Each structure stands twice: as C-alpha cells, then as structure tokens.
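Visitor: Okay, here's what each chain looks like letter by letter:
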Amino acid sequence: MFTNVFTPESWAEAVSVIKSEFLMGIWETFYVTVVSTFFALVIGLPLGVLLVAGDKDGVLPLPRALMQVLNVIINLLRSIPFLILMIMAFPIARLLIGTTIGTKASIVPLVIAAFPFVARLVESSLREVNPNIIEAAQSMGASPLQIICKVMLPESVPSLISNATIAITTILGYSAMSGIIGGGGLGKIAINYGYYRYKYLIMYAAVILLVLLVQLFQSLGTRLAVKMDKRLKNN
Amino acid sequence: MIELKHLTKTFHTASGDVPALSDVSLTVEDGDIYGIIGMSGAGKSTLVRCINMLERPTDGQVLINGVDIGSLSKKELRAQRREITMIFQSFNLLMQRTCLRNVCFPLELAGVKKQDARKRAMELLEIVGLPDKAEAYPAQLSGGQQQRIAIARALASSPKVLLCDEATSALDPKTTHSILELIRDINAKMGITVIVITHQMSVVEDICRHVAILDGGKVVEEGSVSDVFASPKSDAARRLVFPEGYTPSVFDADPDVHKIRVLFNGDDTATEPVIAKMAVELGVFANIMAASTKTVQGKAYGTMLLGVDSAEEAIRLIDYLKRYGVYAEEVR
Numbered sequence: 000m001f002t003n004v005f006t007p008e009s010w011a012e013a014v015s016v017i018k019s020e021f022l023m024g025i026w027e028t029f030y031v032t033v034v035s036t037f038f039a040l041v042i043g044l045p046l047g048v049l050l051v052a053g054d055k056d057g058v059l060p061l062p063r064a065l066m067q068v069l070n071v072i073i074n075l076l077r078s079i080p081f082l083i084l085m086i087m088a089f090p091i092a093r094l095l096i097g098t099t100i101g102t103k104a105s106i107v108p109l110v111i112a113a114f115p116f117v118a119r120l121v122e123s124s125l126r127e128v129n130p131n132i133i134e135a136a137q138s139m140g141a142s143p144l145q146i147i148c149k150v151m152l153p154e155s156v157p158s159l160i161s162n163a164t165i166a167i168t169t170i171l172g173y174s175a176m177s178g179i180i181g182g183g184g185l186g187k188i189a190i191n192y193g194y195y196r197y198k199y200l201i202m203y204a205a206v207i208l209l210v211l212l213v214q215l216f217q218s219l220g221t222r223l224a225v226k227m228d229k230r231l232k233n234n
Numbered sequence: 000m001i002e003l004k005h006l007t008k009t010f011h012t013a014s015g016d017v018p019a020l021s022d023v024s025l026t027v028e029d030g031d032i033y034g035i036i037g038m039s040g041a042g043k044s045t046l047v048r049c050i051n052m053l054e055r056p057t058d059g060q061v062l063i064n065g066v067d068i069g070s071l072s073k074k075e076l077r078a079q080r081r082e083i084t085m086i087f088q089s090f091n092l093l094m095q096r097t098c099l100r101n102v103c104f105p106l107e108l109a110g111v112k113k114q115d116a117r118k119r120a121m122e123l124l125e126i127v128g129l130p131d132k133a134e135a136y137p138a139q140l141s142g143g144q145q146q147r148i149a150i151a152r153a154l155a156s157s158p159k160v161l162l163c164d165e166a167t168s169a170l171d172p173k174t175t176h177s178i179l180e181l182i183r184d185i186n187a188k189m190g191i192t193v194i195v196i197t198h199q200m201s202v203v204e205d206i207c208r209h210v211a212i213l214d215g216g217k218v219v220e221e222g223s224v225s226d227v228f229a230s231p232k233s234d235a236a237r238r239l240v241f242p243e244g245y246t247p248s249v250f251d252a253d254p255d256v257h258k259i260r261v262l263f264n265g266d267d268t269a270t271e272p273v274i275a276k277m278a279v280e281l282g283v284f285a286n287i288m289a290a291s292t293k294t295v296q297g298k299a300y301g302t303m304l305l306g307v308d309s310a311e312e313a314i315r316l317i318d319y320l321k322r323y324g325v326y327a328e329e330v331r
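Protein chains in written order, with numbering that gives the first Met the number 0: chain A, 0 to 234; chain B, 0 to 331.
The hints are simulated quantities; they were obtained by calculation from the structure and are not laboratory data. In this text the structure is predicted, and so the values were computed from the model without any measurement. Heads up, a few of these hints could be off.
Claimed, not checked - Derived, one-sided and incomplete: chain B residues facing chain A with beta-carbon distance under 8 Å:
(1) 51
(2) 53
(3) 55
(4) 57
(5) 77
(6) 78
(7) 81
(8) 84
(9) 87
(10) 91
(11) 94
(12) 95
(13) 108
(14) 111
(15) 136
By construction, the Cβ of each residue, glycine as well, lies at the ideal position given by its N, Cα and C atoms.
For reference, chain A alone in the conformation it holds in the complex (with noise of 0.2 Å):
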C-alpha cells in the first residue's frame, strides 16, 4: 500500500493540498489547542488547589466526603478514553456550541478530557511546596486564603508552568485525535487523506506539522519555567 508514495504525481498533489489546507489546518490546531488549554487551565487550576488545600493536612481541610467525591469525579473523567468520551460529549457541545462538529465544537470534548488532568498536574506541582514554608506562612500569621494565593502558587510557579507546557502538548495530540469524529486541524487532514484516501505524503506532511508545534510549545515552556525560577543562582 506504500507503492505509490513518491510518485511525481503523488508529490504534486501534495503540494497544492499543503497550499490549499495547511495554513488554515495549522491555524486550527493552534487555536483549539491554545482555546482549549486556557479553559482546562481556568476549571483545572482552582481545582487542583482545592485538591491540596483541602487535604486533612492542608491548609484548609474540607469535609472528608466532599474529597472523596472530588477525587472519583476526576479519576472517573481520566479513566474513559479519549475518543469516546468525545462521543459522549456530543450533547454538552451541542448544548454549548449549537452543533458537534467543527474546531468550535471540538474545544468542549478536550476541555472535559483535559481539566481532570491539569487538575493532578496542579495537584503535583503545589505538593512539591515545601511545606516549612506554609508553616513560616502561618506562623506569621497568613489567612489559608493568603497561603494559597501568596505562598503556594507563587512558589509553584516554575513547576505549573513546566506542567502547562505538558497539558498544552498532551491537548494538541488529542487535538488531533478529533479529527476522527469532526473537529478541525492537522488531525483532520491527515485522517481524511491519509486514512480515507491513501495520500500518504499528505499525512506525513501533517504529522511533521504536528511534531514541530509541540516542539515549538515545549521549548517555549520549557524556558519559560527555567527563566522563571528565582531558585537558581543565574537569574
């Protein structure tokens, strides 16, 4: 089935579908990935620092019970696979976005995929706050709604940033996963043509994309997080 991959024909074929797709394929991509990221992050954030807060030795324990269902809500949201909890969430997208398919439409399965994940990314990165720190917090006296906020995520900083860098690369791969059942993107066109047409050189070309925007994303956050952290002695 790889017989007809390089042919002048093939290439040429290649060439125009880049022209006509790419641009807009990468576009897509980018602004689901980057849209979706920012919601996961805005539902996952304050969750994950409820995770930690609200430990029985956290700063602002909660009741047992309401932890435990925190907990099976997330663990149970991280356990469904991807593609079909898109398929599931064909009813919320049509809710909120009045259809299921397209980029549009794609954001609400990744954002439901995605906060549950960067809810124990959150969660990681807030434990690794040393925690003589919280207790010179309080023992001058800082509210647990100072320690969240002045104490444990400034300190994170570094950490959740690394951590965004890893939601945001692991969100454009499912990104592209979408492509299957309708969303947008780079996925979409290496689905669509090399999976239903057999036009390999087109999804090589999409896959290259794809590898160079996480790249691109990683190395953007991977210095991001080095530069922010006061912890070494260069900065």
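Let chain A serve as the given structure and place chain B on it in line with the hints.
Guide: Chain B alone, transformed into the frame defined by chain A:
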C-alpha cells in the same frame, strides 16, 4: 510574660500514642533571652510550636500576658501570631521573592500599604546588615545571609516575642556567632523577648540568661544559665554540659576544692594557650577536672572545669582569665 502551664502533647499515630510533651510548665519574663535545650527528640520543636499554636497542645495552657492563646478565635490567633514571630533552622524564605519582598511579606499579610511596607523592610535590611541584598533572591545568598533576611522578616510586624527554632543549627560556628550577636542586639535594643530552641550548648552559653533543659518531653532542670550549667543536677543536663568529658565524680569531688568553670566562645584570645600561661605567670596550678572543647577554624569553643585549692587562688584565676576575655566563674 509567657507562661506555659502543664503543657502536654500526645501525637496519635497509627502505631499508637506518642507522648511529645508531658506536663511542661515554664515562665519567661519580658525582655529575657530564654533557652530551651535538649537532645533531638526531647520535644523542643513541639514545645516552641505550642507557643504560637502551630501545634495544639493536648492539654494545658499557653498564657501570653495573661491571655490564653489556645482559646482565641482563628482570626484573633492570626493577629496574635504577628506579635510572636519565628525563625527556623532552614530559614524558610520564599524562594521566588526577592529579599526585600520577603521582608515585606508579613506586612503584606497584615494589609500594610505597599510603599510603607517597602520603607519598613529597607530599615530592617539595614538593621540586619544586608541593605545591598534587597533585590537579590534567597538562592543567591549564603546560609547566614538567608537567616539575617529571615530575622528581618520576623521583625517586620514589630513582634514582642521572637521564637528561634534551631536557628543556627545549619550554620558554621563563625556564622552562628554573628547571628547570635544580632539576636542579642535585637533583644537589647528593641526589648523583644527571645526564646531559643537548640541542641547546642554553645548557643545557650552565648546568649541566654535563663535555660530549661528538656528531656523526654519533660523539663528536668530550669534556672539561670550560670546556675544550671555550673552545677547540673540531672543526667540530661550533665550530658549536655560535658558531652564528651563528663564523669560523675567531678561533681561529687572534694568540697574543699574550688571549682571554676571556664567558657571558650570562639573569641580570638582563646587561641592563646591561656591555661598554660596562667600557670606560669600566676603560679596557680589548676587541676583540669573536666573539659569539652573543640577547635573550629582556629578558634576554641567549649567549657572546662578547673579545680584550685583556695578561694584566693580562685579569685586570682578568674581575674586573670577575664583579662584575656575568657569567661570564668566559680561553681559550687
């Protein structure tokens, strides 16, 4: 005045109840520098955390100027904690904030205006001798410098009491000495009551006026530093005063022998062979009954117990040593 009344703390763990403090009662007068010393596991850290209710005692009371801290509401307790601040062994500075913003932190918590806070923070950095580090981050500072920033931060809310939890345990002897001097200065100039938690004898000898010895969660001895160290009665105290060279017979020796305790605290004069010179110049041949000294960076730290035959000799000996800047006192 800080009064601890019958403090008891038991930790409930999976493997059973662990008693950390049992029936600890102490009184610390205003303006004092009070040492609480004990081996690790003696309950020192738990005790100091009970004073500002970071740790809730299982039983007993902490009274500060007559107010029972344990009965305060959360909000009242937070306000009270601005009056009893704390420094730590690991400094616990906010690593992502500059030194200036670290010192501003308690003021920020109290809702002080940013400009006023910065002004006050700069004054404090001046006091601890690091005004040039205002814009540096803690990671760029040495341990001693970090502790100075932590002290400035602890002073920001104008506290009445400063709790030092093993504040010099992570520092080398020279830095320890300079930090202790700073604490002594602060105590003298600002009249802040200081409670020092430590396992280092030298720290208590250096700055404390009163001391309590904690062993197995109980206060085994308490009193002025010179009294307790001169004639330690409990085993725990004796182990602390002479960690290496203690023999019980020293303290039960002939009552006619005048015992003199000599302290070396790292001052320059202690590098000279004072004891030997004393024998030659004074003609007093003291018997070294016990000694626990060590030399760090060419300076001597520790204590020595000398025995001489007459009161007259003892007085001459003490005078002689004092001229060399070595602290000495007669012990009963």
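Visitor: With reference to the structure, classify each hint as holding or not holding.
Guide: Going down the list of hints, with the structure as the test:
At about 6 Å, the closest approach between the beta carbon of residue 51 (chain B) and any beta carbon in chain A falls short of 8 Å, and the interface hint on this residue holds. The interface hint given for residue 53 (chain B) is met, as the beta carbon of that residue sits about 6 Å from the closest beta carbon of chain A, less than 8 Å. Hint on residue 55 (chain B) is violated. Least Cβ distance to chain A is approximately 13 Å, over the 8 Å limit. Using the Cβ-Cβ criterion of 8 Å, the hint placing residue 57 (chain B) at the interface with chain A is not satisfied: the shortest such distance is roughly 18 Å.
Nearest Cβ of chain A to the Cβ of residue 77 (chain B): about 4 Å, under the 8 Å cut. The hint holds. Residue-level restraint check for residue 78 (chain B) holds (minimum Cβ-Cβ distance to chain A is 7 Å; threshold 8 Å). Satisfaction of the interface hint for residue 81 (chain B) is found here, the shortest Cβ-Cβ separation to chain A being roughly 5 Å, below the 8 Å cut-off. Among the interface hints, the one on residue 84 (chain B) holds; its C-beta lies about 6 Å from the nearest C-beta in chain A, closer than the 8 Å criterion.
At a threshold of 8 Å, the smallest CB-CB gap from residue 87 (chain B) to chain A is about 6 Å, leaving the interface hint in force. For residue 91 (chain B), the suggested interface contact is upheld, since its CB lies about 4 Å from the closest CB of chain A, less than 8 Å. A cut of 8 Å between beta carbons decides the hint on residue 94 (chain B): the least distance to chain A is about 5 Å, and the hint holds. Interface restraint check for residue 95 (chain B): the shortest CB-CB distance to chain A comes to about 5 Å, inside 8 Å, so the restraint holds.
Because the smallest distance between the Cβ of residue 108 (chain B) and any Cβ of chain A comes to about 5 Å, under 8 Å, the interface hint for this residue holds. Because the beta carbon of residue 111 (chain B) sits about 12 Å from the nearest beta carbon in chain A, more than 8 Å, this interface hint is broken. Evaluation of the residue 136 (chain B) hint against chain A yields a held restraint, the C-beta minimum of about 4 Å falling below 8 Å.
Hint compliance for this structure: hints 3, 4 and 14 are not met, and every other hint is.
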